[in-house]
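Q: Here are the chains, one letter per residue:
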Amino acid sequence: MHVFANPTRFLTIARPLTPWLFWCGILLAAAAIFIGLFRSPEDYLQGDLVRIMYVHVPTAWLGMAGWTGILIASVMQLVWRHPLAGIAARAIAAPGALFTALCLVTGSIWGRPAWGTWWIWDGRLTSMLVLLFLYLGFMALAAASDERASIGRIAAVFGVIGAVNLPIIHYSVTWWNSLHQPQSITLSGSTIDSAMLWPLGLSTLGFSLIFGGIVLVRMRTIIANIRIEARLRRMAQG
Amino acid sequence: MKAKHQRLTLAIIAIVAVIGAGFLALYGLRDNAALFRTPSDIAADPLPVGQAFRLGGMVADGSIEEQADGITIRFVVQDAEAEVSVLYSGITPDLFAENSGVVAEGALDAEGVFVAESILAKHDENYMPPELADVDMGREPGQ
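From first to last, the protein sequence lines are chains A and B. Using this note's numbering, you'd call the opening residue of the first sequence number 1 and step up by one each time. Using this note's numbering, you'd call the opening residue of the second sequence number 239 and step up by one each time.
Just so you know, the hints here were simulated from the structure itself, not pulled from any lab data.
Label pairs and their in silico Cβ distance ranges:
(1) B:ARG268 to A:GLN183: 14 to 22 angstroms
(2) A:GLN183 to B:ALA371: 18 to 26 angstroms
(3) A:ILE26 to B:ALA263: 40 to 48 angstroms
(4) B:ILE309 to A:THR221: 54 to 62 angstroms
(5) A:TRP20 to B:LYS242: 29 to 37 angstroms
Below, in silico cross-link-like pairs of lysine to any residue (SDA-like), each with a Cα-Cα straight-line distance of 20 angstroms or less:
(6) B:LYS240 to A:MET76
(7) B:LYS242 to A:LEU71
(8) B:LYS240 to B:ALA252
(9) B:LYS242 to A:TRP80
(10) B:LYS242 to A:ILE72
(11) B:LYS240 to A:ARG81
(12) B:LYS242 to A:ARG81
(13) B:LYS242 to A:HIS82
(14) B:LYS240 to A:TRP80
(15) B:LYS242 to A:VAL160
(16) B:LYS242 to A:ILE154
(17) B:LYS242 to A:VAL79
(18) B:LYS242 to A:MET76
(19) B:LYS242 to B:ILE253
(20) B:LYS240 to A:HIS82
(21) B:LYS242 to B:ALA252
(22) B:LYS242 to A:ARG153
(23) B:LYS240 to B:ILE250
(24) B:LYS242 to B:VAL254
(25) B:LYS242 to A:ALA5
(26) B:LYS242 to A:GLY152
(27) B:LYS240 to A:VAL79
(28) B:LYS242 to A:PRO83
(29) B:LYS242 to A:VAL157
(30) B:LYS240 to B:ILE251
Bear in mind that the values here come from a model prediction, so they are computed numbers and not experimental data. Ideal Cβ positions, reconstructed from N, Cα and C, are used throughout, including at glycine.
Model the full structure from these sequences, guided by the hints.
A: Structure, rendered in structure tokens:
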């Protein structure tokens, strides 16, 4: 990882990688949504309702993957003082919050016809809402830090502590009885039929690439801002 | 180098402590975080008549019957060990069916019948095309 400790070296890779992530992601996600809406089978129980899964599941995965990224970046900043760790954590927070919010919204839209309610305070829904609040808190803490390149020690510690919510979200449907159904995809296999599973995988991959593209763009923006500020400071002094 | 190792050790200790604290909190929450009571919970620990709670379980096979007034239904919610009769007047969700999960809000009456004010359908984690579901009809419901 220390190969990327030099932002210039990071940029030489990030700059050409960004459009690739975006275009491949948009292509895959669009194809997956088309297949999900028109080419995949309907569900034996839910009929066409199941098609919202092709958006709901990727957003849930990215909401949680985002905080996993914040956890890793926070530890890298606290322990190794990696110069890009804070920038990465800052860059992940907003899209992570966005995808968590999308997960809650699509879940609510799915819940109304399938369960009969927009919202219920069960373990899964509540812990996912907590994740959204954690993102908002993290963004506020990171913004409060004086440093542009790091997120500050308090935000990094918050990033580590907040990660406790990730296993809670994952196991909420196992530990407590809930309205949300248990995990479909586990280490021992999937209870989603393969005709629905592969478009779901495609969609998850596509949205993940888009997420990666957003993170890289935001990291490049933060680095550019830091450089502009440094240059302005030099000009003001000279 | 020394300082880095010190920070790493501190970080690992902090992470272990935070995970420990999380599990302690969850252990304390255990029953309170459950969304509903199952029929066996009620058999083991009956609630006073009229106290509102959520009842969850499977709708027993062949148990849904429409009452004489035309809007009230009666059905049995069961789990592996116990069952509770439920009365409900109103519109049920589309996925409400026999051999399927249900979460009902309401309270027990004097005869031990659960009078529901609202009903939510709980589906399981299986997703498959209708053709495949027909093939699988022989399997036990709720698996």
